[in-house]
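Model the full assembly from the supplied sequences, consistent with the hints where possible.
Here the numbering used here is used: the first residue of the first sequence is 196, the next is one more, and so on.
Just so you know, the hints here were simulated from the structure itself, not pulled from any lab data.
Computed from a predicted model, the values in this text were never measured in an experiment.
Treat the hints loosely; a few may be bogus.
To be verified - In the DSS-like style, the derived pairs of lysine-lysine whose C-alpha atoms are separated by at most 25 Å in a straight line are: (1) K649 x K534; (2) K689 x K649; (3) K660 x K649; (4) K422 x K327; (5) K663 x K649; (6) K277 x K534; (7) K689 x K660; (8) K422 x K387.
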Amino acid sequence: MSLRLYNTLTRRVDSFEPLEPGRVSLYTCGPTVYNYAHIGNFRTFLFEDLLRRWLQTSGYDVFHIMNLTDVDDRTIAAAREKGVSLRNHVDPFARAFEEDRDWLRILPAHEQPRATEYIAAMIRLIGNLLEKGVAYRGEDGSVYFSIAQFPLYGRLSRLDRRELRAGASERVSSDEYAKEDARDFVLWKAAKPEDEAVGAAWDAPFGRGRPGWHIECSAMALELIRKRVGSDVLDIHAGGVDLIFPHHEDEIAQSCAYTGREHFARYWLHGEFLNIRGEKMSKRFGNITTARDLREDGVDPGAVRLLIFQTHYRQRLDLTDEGLAAAQRASSRLGEFQKRLTDSRSGSDSPRLSEAAERLRRDLTEALDDDLNAPRAVAAMFTFMNEGHAALDGGERSGPIALSAWELAEDVLGVTSRGTVINVPTGAAASVAPETGATYGETPPPGSNEELEKAWALHWAVQRKQAKGVRDYAEADRIRTLLRDAGWEVRDGKDGSIEVVRVRRAS
RNA sequence: GGCGCCGUAGCCAAGUGGUAAGGCAGAGGUCUGCAAAACCUCCAUUAGUCGGUUCGAUUCCGACCGGCGCCUCCA
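In structure tokens form, the structure reads like this:
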């Protein structure tokens with residue numbers, strides 16, 4: 196069985212067949228860089244990363260586009276508030292996004308177009324829609340897409356016959372009066388003084404203004420796939436569930452009206468939301484957690500990936516401190532095992548290990564082919580780990596079959612982590628007294644950085660080793676305790692090796 | 001009002017019309033100067049409730065109870 200994916204368009208799990216065999220064009224909606232991307236955004240990007248990696252692992256030549264929205268109401272408002280240009284406001288957040296993305300081991304897209312770099316393409320697209328009569332200029336000077344000209348509208352969200360919610364009539368905003376139909380959406384917003392103030396306005400044949408929300412995705416996706424794969428239909432378009440309506444619905448309308456094709460994308464995939472302790476993340480609740488928050492808390496990226504992949508992408512996920520702690524622990528165990536497996540490498544696999552490896556490969560493939568069932572894929576890794584440990588305990592060795600199967604799984608999922616580990620030198624008692632002659636206290640140096648803290652931990656690990664050497668076990672245990680209080684665990688190996696492992700961040 | 005989702009062990013979470021993966025936590029044991037790691041053993045006869053279909057349902061259908069999402073710029 197090959198890859199099957201849940202397609203929002205059909206509301207079914209469909210078997211995946213790209214337009215052109217062996218090649219996949221993938222467009223994913225990226226972040227709006229008005230602020231740091233939060234962990235909910237990253238849940239979606241992580242699901243898309245899994246999709247991308249699994250497609251590649253399955254042998255597809257993937258062309259992946261992820262946009263960066265650098266002009267919209269929020270970016271403009273934020274720039275104004277700070278009194279800087281749109282560009283100056285947005286650039287640092289674009290860089291921060293890339294840092295966070297890399298930290299979470301998310302592969303960068305092959306193309307990462309920014310909306311402001313594709314204004315010309317948007318203008319061409321909108322101009323074409325105006326010529327075709329599916330778009331019109333409103334009284335306010337903005338350009339709108341006419342739903343009435345596009346009979347297929349509502350195909351994706353199935354909200355075509357929706358009515359305004361009872362009691363919601365007061366929501367009609369001022370620009371509603373400029374539209375012919377309340378459901379029409381804006382393609383080009385006439386420039387306002389606030390836009391001009393931050394450099395968010397461009398000239399166009401149909402008036403000076405800025406892009407509407409949806410137009411960038413259509414313009415950039417079509418431009419790039421036309422250039423790169425010579426097509427005007429995407430194989431897959433993915434994003435968060437909240438984008439189904441209106442964003443993706445509107446993208447389909449404007450794109451298909453423009454290309455005349457039946458589809459803008461043949462497969463539409465949507466990832467569910469992540470909540471924080473049962474609540475949706477929002478400024479109002481003050482519960483926005485960013486990737487950098489987690490990093491500063493000492494959480495490993497592998498743990499974040501594990502936590503997210505332990506729930507299916509179409510299932511809502513609640514982020515809690517307990518869940519994070521459990522994932523951190525499990526991810527570390529996987530990392531420890533990976534090291535052990537690699538260290539015990541030898542020429543060939545024991546039968547037990549090669550059998551377990553084949554099972555891992557098979558279970559992983561079955562799970563991910565089945566609409567990216569990451570929880571099952573991860574479970575296969577744990578099963579292999581348990582089997583592997585037992586085999587290794589029994590004196591067996593790992594070989595290429597076990598290692599390659601494990602690497603396959605870890606390459607796709609990226610859920611292992613190995614925190615800070617200090618190897619205490621073997622042999623005669625090493626002196627680690629710092630050159631500066633400073634003496635170490637029994638608690639880590641205040642305000643110390645990573646290097647200083649490691650030096651401190653190593654110092655005490657050596658003291659403990661010396662105490663052990665003279666059988667002063669009371670002192671050895673006392674040092675074990677003080678290290679543990681600072682978040683370091685001492686592990687004595689059977690072969691006399693000693694490791695000091697960071698088990699938690701000293702607070 | 002419209003469209004839709006969820007309810008599985010202390011917590012998180014999968015599969016499946018034939019008697020419940022995996023993770024975290026927990027219990028006992030092996031190993032260890034002590035520990036940690038690892039290993040061995042144990043940890044839901046039970047799936048929100050009540051009905052129905054079926055030889056058989058957690059899995060299908062219905063009702064109810066309880067949580068929740070979307071319905072114009074939020075991943």
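Results of checking the hints against the structure:
Taking the CA atoms of K649 and K534, the gap is near 21 Å; set against the 25 Å cutoff, the hint holds. Taking the CA atoms of K689 and K649, the gap is near 23 Å; set against the 25 Å cutoff, the hint holds. Between K660 and K649 the alpha-carbon distance is near 16 Å, which keeps this suggested pair within the 25 Å criterion. Of the supplied pair hints, the one linking K422 and K327 holds, its CA atoms being roughly 24 Å apart against a limit of 25 Å.
Taken as a hint, the K663 and K649 pair is honoured in the structure, with Cα atoms around 21 Å apart against an allowance of 25 Å. A hinted pair counts as satisfied when its Cα atoms are at most 25 Å apart, and K277 with K534 does not qualify at roughly 48 Å. Note on K689 and K660: the hinted pairing holds, with a Cα-Cα distance of about 14 Å set against a maximum of 25 Å. For the given pair, K422 sits about 34 Å from K387 by alpha-carbon distance, which is inconsistent with the 25 Å threshold.
In terms of the numbered hints stated before, the structure departs from hints 6, 8, listed from lowest to highest.
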